[in-house]
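Student: Given only the sequences and the hints, what does the whole structure look like? Please build it.
Taken in sequence, the protein lines are chains A, B, C and D.
Last residue of the first sequence: 1285 (the working numbering), numbering continuous.
Last residue of the second sequence: 1285 (the working numbering), numbering continuous.
Last residue of the third sequence: 497 (the working numbering), numbering continuous.
Last residue of the fourth sequence: 497 (the working numbering), numbering continuous.
A couple of the hints might just be wrong.
[Unchecked claim] Using 25 Å as the maximum straight-line C-alpha spacing, the simulated SDA-like pairs for lysine to any residue come out as follows:
1. A:K1151 x C:N347
2. A:K1228 x C:N347
3. D:K173 x D:S137
4. D:K164 x B:V1229
5. A:K1217 x C:P437
By construction, these hints were calculated from the structure, which means they are not laboratory data.
Model, not experiment: these values are computed from the prediction.
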Amino acid sequence: MRYSVKIEDKEFDIHIEYKSEKYIATIDGKEVLVDSHKLGESRSIMLLNNKSFEVDVRSNGYDNSKTVFVLGQEIPVEIENYNLAQLKKKAGMSSSTKMDLTLKAPMPGLILEFKVSVGDSVKKGDPLVIIEAMKMENVIKAAGDAVVKSISAESGQSVEKGDLILEFESDE
Amino acid sequence: MRYSVKIEDKEFDIHIEYKSEKYIATIDGKEVLVDSHKLGESRSIMLLNNKSFEVDVRSNGYDNSKTVFVLGQEIPVEIENYNLAQLKKKAGMSSSTKMDLTLKAPMPGLILEFKVSVGDSVKKGDPLVIIEAMKMENVIKAAGDAVVKSISAESGQSVEKGDLILEFESDE
Amino acid sequence: MKKIKKILIANRGEIAVRIIRACRDIGITSVAVFSDADASAYHVRMADEAYHIGASPSSESYLVHDNIIKATKDSGSDAIHPGYGFLAENATFAQRCIDENIIFIGPKPETIALLGDKLEARKVAIASDMPLVPGCEFDNENMEDALSKASEIGYPILIKAAAGGGGKGMRVVDKPEDFKESLKRASSEAISAFGDGRVYIEKYLLRPRHIEIQILTDQHGNGIHLNERECSIQRRHQKLIEESPSPVMTPELRKKMGDAALRICKETNYVGAGTVEFMVDEDMSFFFLEVNTRLQVEHPVTELVTGVDLVKEQIAVAEGAKLTLAQDDIGINGHAIECRICAEDPQQNFMPCTGTLNNYRLPAGPGVRVDSGVVIYSEVPIYYDPMIAKMVVWGKDRTEAIERCKRALEEYRVSGLKTTIGFCRVVMDNKKFVSGDISTAFINEEYPNHNFVLLSDELKEQAALAVAVDTFINERKIRLDEESNQNKKSEWKNHYRKQAVKRLGGNS
Amino acid sequence: MKKIKKILIANRGEIAVRIIRACRDIGITSVAVFSDADASAYHVRMADEAYHIGASPSSESYLVHDNIIKATKDSGSDAIHPGYGFLAENATFAQRCIDENIIFIGPKPETIALLGDKLEARKVAIASDMPLVPGCEFDNENMEDALSKASEIGYPILIKAAAGGGGKGMRVVDKPEDFKESLKRASSEAISAFGDGRVYIEKYLLRPRHIEIQILTDQHGNGIHLNERECSIQRRHQKLIEESPSPVMTPELRKKMGDAALRICKETNYVGAGTVEFMVDEDMSFFFLEVNTRLQVEHPVTELVTGVDLVKEQIAVAEGAKLTLAQDDIGINGHAIECRICAEDPQQNFMPCTGTLNNYRLPAGPGVRVDSGVVIYSEVPIYYDPMIAKMVVWGKDRTEAIERCKRALEEYRVSGLKTTIGFCRVVMDNKKFVSGDISTAFINEEYPNHNFVLLSDELKEQAALAVAVDTFINERKIRLDEESNQNKKSEWKNHYRKQAVKRLGGNS
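Tutor: See below:
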């Protein structure tokens, strides 16, 4: 099986096969001998060329996106069938490069105050909204230049992580 | 619900009911306020009259016998419906007072040597069989006076915990 | 002297667990309290007894004086340990305890009130001959007065809550244009955190160290200090990494700061454990910051290098015992570093996270102590502080402590939410940190944009491989299961075919 | 001097984890080895790298010289740390390492061979002017010779394996009638454990203390001792609880025993860490027992009171470094106690148990160190030693250490198998233990029939309640689920009834 795996800026081409009771992986042309034992539903111990890792791979519930916990780090990963990824690329469908035009609640909390209204132009770093969570006031700032298209929540409202707060249109 | 619970030499008469969102237990006439939260399949945190316990109650797979882990101890418990237990008692069926006339492997291991043969009379403390487990030779001794009725294993054989090794007849 | 037999811990999380441990270590019965969200929390499991005190928001449980007092009476506790935060520096509550004939493990209400008001504390500090950073109070209602006083002191300016602590209600202002907005925010945060919106301003030192002196005094006028802690690695004015001793401390400066700390204790008739916080400028001159009239989060680094159990000492002092330790008994054995493990995303400006700890395994072995408020499968609720644990390491010197700290951070296993573990690991490799060249500006100077480069290219490659292998194994299992089902189906088909043939009169 | 960059740990369980931690603490890459049964063992997860070395029985994996050497070469390791047990005191293997140009972290092969043969060691001890218990060797084939020599010394007699260690191949004989059978058993156990059936006899002291001296020597003739450890709490000649310092030690006796220990090191050109074991009689006279040419299980108690990391020191010595510690650097800071946590049933004569750790949570907090070889969900296999972890506590004095030990034992959470935790907890309350009045006869004298009364009546009542409540809640849930199903069914019934009525032309 051949996969295309993306972590932050890096994209890896990984091929894996099961041969004579061993897993053999090839990553960007390098062969890696793999030994893996499940420790539970999502956790495994893996030996990659005899290097030892305890990993926890969790599916994020939507397509291709997983989270791996390894060496004290939480790492978001996109994994796809390699051929499919290539097809999508040709078709210009690479979803992961698309700019995010929505602001979702980065944590559960209480919306204290909006610093913008619909139609406002914001510059990168401008405060958008203040959310109280875990007794701290957190100022959520704009990740880039944009125009506020719609606001989907209001002051005093409780939000869950991932709830839509507002939408932008690209400032182009 | 009313239960009869036995731990070692002690027998408890316990009544439990659920009333206005609270569990109320009565043990040998004393009332105990109970708060319980499941922590997983078998583990719970329990407040018994506000005393805090983390318990792990596991069923042993056969009737009425459970094991509870609490405060670093593994405690075998017999629990039965109280009325059933009373009926059994009247009928003289109290299985838990019956003398154990079988020797079961107390641990998994390798049988090294039998020190007795069928028909032998043994006294309490006599060596019966030597089992090697975890690199130690363990001499299994007679728990009381008896006569060896049958032997169900042989030297050099591997046994699992609980496997029948030999049977006695009471030395009466 | 009254022996305490039972202590109610009016707190939660790691500090409640820490205090329960101290109680057990001296045979005192411990009583936990819990809100709805904490019904199966670790501190409840750890305590001898536990009482429910209300709904999840702390304003409906951990902060409700009546509920805490009721649980204390119901459980027959002699004393209350408030931990830190919540009611720890609440003079009204401390007074209530006295009125109810309950021992409050902490200083007298009047001391708490005096030192808790940062403006009053400044006056006491002056009376105690302590050096102070230029600053002043102003009329909170009169913005023009505030602005002009800020200009007098000169920007950058630090706005602080009079009732403040723990970085709440604190704002740095770089230029006059931002002053009004920051004042408003600081004041509103102060109101929601302390119910007191008064703020004052101080000159903002650009690269100060935060160094504090642990003190311990009894009811008989005896007092000692237990060396310093360096707590300069901070984000949002909250400490993240602390150590003892400070890498820049000299015996002379330690004595000077220790003496100053004890002077203010004397001046305020201080009783119990406390911390006098200082800022130390680049020329090693030091300024009084504030007194925390309670046990500090970072007290374990002091415990590890002095061998003194501060919670036990607090309890002994509260019983009325004389200090058994003299200043000469306090040495420095090796070096200790604490990392605060918070449910936060360092890359997102240390934004708090919540979740369930699907995996949670503490580092252990030589020189590692963890005070954790959670265990595997614990939920980290939204209602409380994001700090879930403190990892403290000891080494025979700072080098050994740093190396051990790296090891222990790598050994820590958490899945289910983001934490500060990776951030702390990165700091342990930072050359400036290793050389001890730190200040409260460390994080902003070394990691502008909070881009900590937590993932090396090698780790990315390994993580990618791990996910691919895991996916492959899962897909292969599904395939094999399906095939085996297919085979079963074909067996059935064959079986029916044979039956059919039979029915048709065939012979096999 | 050759810097070691990568160490293969030829061991498993807690000691492999301990050594891996030391490697990490000094930036050395660690390589684990594992048998089939250990494929997902904790030491494999902890190490930087891991190599499979064979089937589950140690005779087919951890004891196979070729497999260990191959993994060392394959991984490019410079050195092998053998831990304790397995190949730690195998002179042939140590020589093989030298021949293969691998650093063996331990003494020279000839030292191991000399001191490993208990009969030879007795001779060296005489040459080193060490006091010895009366005893002798005899012709193993000639039972009459053995019997007559035993009678000369006088019963009770202790039969010991010449190649022995860890209590294996050891038997106490009270009367001549039992001598033959015990000799046979000891010899057969010695053959299966060491491949060497030679035994010898010694006078059996009735109530001796087991006190040992930790020594550390380098390749340049420097040597120090790191105080004593008292290890008198034993069952089946295996230690269960150890502490440092010994509650009966005096500075004078410590110096005498330390000097004696260093004399035998000098006599044997000892290099590395080692332990000289003594028996101390009730009149405080001491007798040489044996030298263990390796790291000892109980080394952490020494580490906690001296602040010295013994594994790091072993590695430095193996690199050829001179000791940086002088005898005067070794103090005694507080008191440490170790409890061995074994998968054993204390009530059943400490019979080994196997199983899966359905719950496993370590005690933590102030003064607690746990070196564990397992984690939650680990399986404890039948093939290896039943010790799964060591819990070590530190206190400023013995009283604090005992109190903390109680707390930590109560905090330890294990379900899935029986352990020695409850036993250790009982010992911590034993008046003789608390007063320090202990000997190797302690368990038999204090707990004849191994009836440890682990369960108080109160605990029995609480356990009974817990099981009843759990049963009630489970039964209630089943009942409620059934009822809700019933309700669903009746709803369906009603629905169909209505449908039927409709079809019959009814109106509702």
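Student: With reference to the structure, classify each hint as holding or not holding.
Tutor: These are the hints, each one checked on the structure:
1. Distance hint between A:K1151 and C:N347 is fulfilled; the C-alpha atoms sit about 15 Å from each other, no more than 25 Å.
2. With a C-alpha separation of about 36 Å, the suggested pairing of A:K1228 with C:N347 is violated against the 25 Å cut-off.
3. With a CA separation close to 16 Å, the supplied pair D:K173 and D:S137 stays within the 25 Å bound.
4. The suggested pairing of D:K164 with B:V1229 holds, with an alpha-carbon distance near 22 Å, which does not exceed 25 Å.
5. The suggested pairing of A:K1217 with C:P437 holds, with an alpha-carbon distance near 24 Å, which does not exceed 25 Å.
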